[in-house]
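Residue numbers (my numbering), protein chains in the order written: chain G, -8 to 272; chain C, 4 to 239.
One should not assume that every hint holds.
Computed cross-link-like contacts, DSS-like style, restricted to lysine-lysine with a CA-CA straight-line distance of at most 30 Å [said to hold, decoys possible]:
(1) C:Lys114 with G:Lys170
(2) C:Lys156 with C:Lys10
(3) C:Lys70 with G:Lys170
(4) G:Lys165 with C:Lys228
(5) C:Lys156 with G:Lys170
(6) C:Lys60 with G:Lys170
Below, a sample of chain G positions facing chain C; criterion: calculated Cβ distance under 8 Å [as the list claims (entries may be wrong)]:
(7) Leu28
(8) Ser32
(9) Asn56
(10) Lys153
(11) Phe159
(12) Asn162
(13) Phe163
(14) Lys165
(15) Ala166
(16) Gly168
(17) Phe213
(18) His214
(19) Arg217
(20) Val219
(21) Ile221
(22) Ser247
For the record, the hints were derived by calculation from the structure and aren't laboratory data. All C-beta atoms in this analysis are idealised placements derived from N, C-alpha and C, irrespective of residue type, glycine included.
Listed here are the chains, written in short residue letters.
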Amino acid sequence: MLEKLALYMQFSNVRYALIVGVLIALCSSLLGVTLVLKRFSFIGDGLSHVAFGAMSIAAVVGLTNEMLLILPVTVISAVLLLRTGQNTKIKGDAAIAMISVGALAFGYLIMNIFSTSSNLSGDVCSTLFGSTSIITLTQKEVGLCIALSVAVLIIFVLFYNKILAVTFDENFAKATGIKADRYNLLIAVVIAVIIVLAMNLVGSLLISALVIFPALSAMRLFHSFRNVTICSAVLSVICAFTGIIISILAGTPAGSTIVAVDVAAFALCCGAGALTGGLRK
Amino acid sequence: MALLTVKDLSLGYDNRAIAEDLNFTVSAGDYLCIVGENGSGKSTLMKTLLHLQAPLKGEIITGDGLKNNEIGYLPQQTIVQRDFPASVREIVLSGCQSRCGLRPFYNKEEKALAAENMKRMGITDLADRCYRELSGGQQQRVLLARALCATRKVFLLDEPVSGLDPKVTAEMYELIKELNDEGITIIMISHDIAAALRYASNILHIGSSVFFGTKEEYLESETGKFFLRQQKGGEE
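All chains should be built: construct the whole structure from the sequences, respecting the hints.
Below, the structure is given as structure tokens:
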């Protein structure tokens, strides 16, 4: 088995996939805690469907660099969704559901009507669930992915304390003069970038799993924001790494394998949390 | 000059006024209780005082060198807080956030301030405990310590004792009283008219009739007498 792995490692494809997979997993887990607590667990889903819609438009129009369209559209949707938090006619979850299914339907419709590809259902399936085998990326895509991931990491570390304050108690933060709206905007932009990145890895239907599972698992085990954040980042990286290796060895689709590993990790953490919780009492 | 002067203030949402033409002042060291029936706009008034919501009409003038961000706030608990995985220390420290400006991390001074305020509220031994595992009274102490990190001037408290048992409620009132004696101005929304009359120096009653004055004046006023009778009737 190790020989087989060593053999695969010689391909640049496999190495790229591992680097990108681990980085994306790391980034997506960071904001998970915040999104879960703000009751925005499904925003990943909604935004990724928007990205899917944008992608199909980009494909039909024939843009050479799809990112130019996908990234701005997703960022704008994220801002709109997170802004509608309070005092709107359509509440958060309904707004997300609306945008999400709407974009999905239009994306598929456009692809179906205008697509020139001979393998339409294959194309759709791989954007929804990620590539069927190992992800193939060009060197340029890997570079972009690394740059954006590093940017997300730096932003998160620099604004960590502010994100904590704003997530825990937005009103108190505003009352003491923190520009909470600005940080909410920042969170929206960062989450949109992460989702566009993660689409390559797990496809647009499974992204929420990358955002939510590590955070929820870590919350079973730890009781301070710092430890939860660190734990969810570590868990997410381990799960993504394991998932990709398994998918290579077993020839399974990368995205769903990673998510399956995440689910298993969550079950383990639930068990461990119940056990240690029981011991403490 | 008063800390806060409220002139002809009208509150509400979407141009629908809940309370109109409020006039009152808060001076340094005051203990003001805001009472009134449910739906009379007490919480909306608080949000407006905190600049979380724009007033429909009128103005709020701050004086005596009080800046807009020098108001400490003790909110009613939100759903987010009930399962937030954060230690007591992290939450108290977050009160120092407004001192940081754009600086990303807390410095030694702020950490010392947080430690001092935890000691002041008697929660030092809880510093590493998870906020969501604490009892209601302990959680309120944590939030008070956080507010102390943010300001030493004015505290706005929104129903600080709701959901606490009688013993903890009494402790909480004593704690707030002590803070007031140290010179912190208290503005508190309360359902508990008995406690309001016991501790407050001034009363603002909003609702069908509006009253503002000292506690003694309130007891003599028609609004006060009527409300007290009503409350007694409700309890029986």
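Against the structure, the hints:
This hinted pair checks out: C:Lys114 and G:Lys170 have alpha carbons roughly 22 Å apart, not beyond 30 Å. Distance hint between C:Lys156 and C:Lys10 is fulfilled; the C-alpha atoms sit about 21 Å from each other, no more than 30 Å. Between the alpha carbons of C:Lys70 and G:Lys170 the distance comes to roughly 15 Å, so the proposed pair stays at or under 30 Å and holds. For a cut-off of 30 Å, the pair hint linking G:Lys165 to C:Lys228 is broken: about 37 Å separates their Cα positions.
Annotation: proposed proximity of C:Lys156 to G:Lys170 holds, straight-line Cα distance about 21 Å (limit 30 Å). Pair hint C:Lys60 plus G:Lys170 holds up; C-alpha atoms about 24 Å apart against a cutoff of 30 Å. Hint on G:Leu28 holds. Least Cβ distance to chain C is approximately 5 Å, under the 8 Å limit. This hint is violated: G:Ser32 has a C-beta 13 Å from the nearest C-beta of chain C, more than the 8 Å allowed.
A hinted interface residue such as G:Asn56 counts as satisfied when its beta carbon comes closer than 8 Å to some beta carbon of chain C; here the least separation is about 33 Å, so the hint is violated. At about 6 Å, the closest approach between the beta carbon of G:Lys153 and any beta carbon in chain C falls short of 8 Å, and the interface hint on this residue holds. Because the beta carbon of G:Phe159 sits about 6 Å from the nearest beta carbon in chain C, less than 8 Å, this interface hint is met. Checking G:Asn162 against chain C: minimum C-beta separation of about 5 Å stays under 8 Å; hint holds.
Checking G:Phe163 against chain C by beta carbon gives a least distance of about 5 Å; that is within 8 Å, so the hint holds. Proximity of G:Lys165 to chain C holds as hinted, the smallest CB-CB distance being about 6 Å (cut-off 8 Å). With a cut of 8 Å, the hint placing G:Ala166 at the interface with chain C holds, because the nearest CB-to-CB distance is about 4 Å. Taking 8 Å as the C-beta cut-off, the interface hint given for G:Gly168 holds, the closest approach to chain C being about 3 Å.
Interface restraint check for G:Phe213: the shortest CB-CB distance to chain C comes to about 7 Å, inside 8 Å, so the restraint holds. Below 8 Å, beta-carbon pairs count as interface contacts, and G:His214 has one with chain C at about 3 Å; its hint therefore holds. Proximity of G:Arg217 to chain C holds as hinted, the smallest CB-CB distance being about 7 Å (cut-off 8 Å). The criterion of a C-beta within 8 Å of any C-beta in chain C is met by G:Val219, whose closest approach is roughly 5 Å, and the hint holds.
Evaluation of the G:Ile221 hint against chain C yields a violated restraint, the C-beta minimum of about 12 Å exceeding 8 Å. Because the smallest distance between the Cβ of G:Ser247 and any Cβ of chain C comes to about 28 Å, over 8 Å, the interface hint for this residue is violated.
Hint compliance for this structure: hints 4, 8, 9, 21 and 22 are not met, and every other hint is.
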